[in-house]
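Let chain Z serve as the given structure and place chain V on it in line with the hints.
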Amino acid sequence: MALLQILISGLATGAIYALVAVGFMLLWQTSQTINFAQGEFVMLPAFFVLGAMKFGGMPFWLAIVVGLLLSLIVLGVLFKVLLVDPMLRHGVLPLVISTIALALFFKEGVKTWYAAEAQPFPALWSNDNLEIGGAVISVQNLVIIVVAVTAVLALQWFLARTRTGRCMQATAQNPALARILGVRVERMILYTFLINAALVALASFLISPIYLAKFSNGETLGMAAFIAAIVGGFNQVRGAIAGGLLLGVVDNLAASYISTQYRGAIPLFLLIAVILFRPQGLLGRAEERSV
Amino acid sequence: MATELATGHILELQGVVAGYGKMMVLKGASFKVARGAITTIIGPNGAGKSTVFKAVFGLLKPQSGRILFDGCDITGWQQRRLLEAGICYVPQGRNIFPELSVRHNLELGGVAAGRGIDLQARIEGVMQRFPMLRHKADAQASTLSGGQQKLLEIARGLLLDPRLVLIDEPSIGLSPLLVQETFGILAGLRDKGVTILMVEQNARSALQMSDRGIVLETGETRIEDTAANVLADPRIGQLFLGGGLAPKAG
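These protein sequence lines map, in sequence, to chains Z and V. The first sequence runs 35 to 325 under our numbering. The second sequence runs 2 to 251 under our numbering.
I should point out that these hints are in silico values taken from the structure, not numbers from a laboratory. From the three backbone atoms N, C-alpha and C, an ideal C-beta is built for every residue, glycine too. Zero decoy hints are in this set.
Anything over 10 Å on all C-beta distances counts as not near chain Z; from chain V, calculated:
(1) 130
(2) 131
(3) 136
(4) 175
(5) 177
(6) 191
(7) 203
(8) 230
(9) 233
(10) 234
Quick list of simulated restraints, FRET-style, between CB atoms:
(11) Z:130 to V:126: 43 to 51 Å
(12) Z:291 to V:21: 57 to 65 Å
(13) Z:293 to V:22: 53 to 61 Å
(14) V:139 to Z:107: 37 to 45 Å
Examples of chain V residues lying across from chain Z (beta carbon under 10 Å, computed):
(15) 60
(16) 79
(17) 114
If we strip away everything but chain Z, and leave its shape as in the complex, we get (with noise of 0.2 Å):
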């Protein structure tokens, strides 16, 4: 039953691809914001609760509600305020360009004021496996699926089944004719935000007791989350949750069938195929630009 376990840890990772893809692209949705510094943003909230636990003297659960409130003040209002608003202004490039900057600036932040090497970081659940017809799955991978499928559900019932939701989607569909009609566009922007830095928050709580806290995790999570977007299709959630299983699921199945050399190749391929044939994504649809 090795399949199984496999399919199981490559969900895990997936949901936490899918966490990060949707983050993502109602960035780009609600403001044009194409962030390539949304893998630092998943590394980041870890340092959060351990500098809390290191330099605070706080117990773990209290870090948590710490690196939360941090990530939605650093990563939501002020990388609003402070880098989007005023890059914007001058264009989406530039704005991209500055998004990679900032990238550089929480990677090289982290490893000269806080740690060169991986830390470990407290587990939320423990680190048990169950055996399941004679499958071994932990509970870490259990519990990750679980969180992040409900989050992201959640997060699609708040869009659809609420009248902030509402207004928040025609944002993105129509930011013009929402203005038009009364919808607080900017507060609506800023939600989108604030949803987003919550997202990879709760992403970097998960996985970082098993990939360990580094400065450097988010270069692979960022391009993964980035791939599981344009595979998905970019103008849908569902379809950035699709994409990011897929992509978890197939990461893993080539790294135990084919080679695991060729683990961070795969992904590409995929996004090589679905730009080739299918670009609008997965379940994405074509989209009309005027220029």
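Relative to chain Z, chain V alone:
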């Protein structure tokens, strides 16, 4: 400013100068819009017709001049405040949220509704009036035909019971039959006391169903009269064929 009320004007532009960047499209436009009537603004391309709406609806800050609504200076107000005051704006082209349902598109017309307003009842009321919307309530708005989308836009604008409707090129992309239907809806609103200010490229048929007409040219008001008089004015044909109306200098 009781004078505007007394003379029966709901909207007045006083020397409005507005444009994009350094290019001014409106160069001191002034005119009055009669309460409870349909007024159509016509003029050649680039005359500033749509810019009038953007300036009134706070989407463009006038460089100078004033805009009065019911005698109250509304220059530069936020959209939410204008909606609350009773103005709604239906822009040119397709203005729907394609991936939301018809019902949710309608509901977004009530975003600026105050606490005292029962939005569900208003939505029901609008659906009563336009049964097509009820029939299609749960369909994605992108599945509506062009005429149905325009109807949805107008219905959405009516959700807050506006006193003044600004509607930009309602006939664009619609078949002649649908144009008549849309004009019919606007006439029905006028009969209920709503003031309509419309911009139309389709000048003749728009003026035929209007009470008053305004001719704009190069950002200034040239004619402000009853629709019948504007229609009968021999200079109109000349204007659209490219000749200017401004008195020749020198």
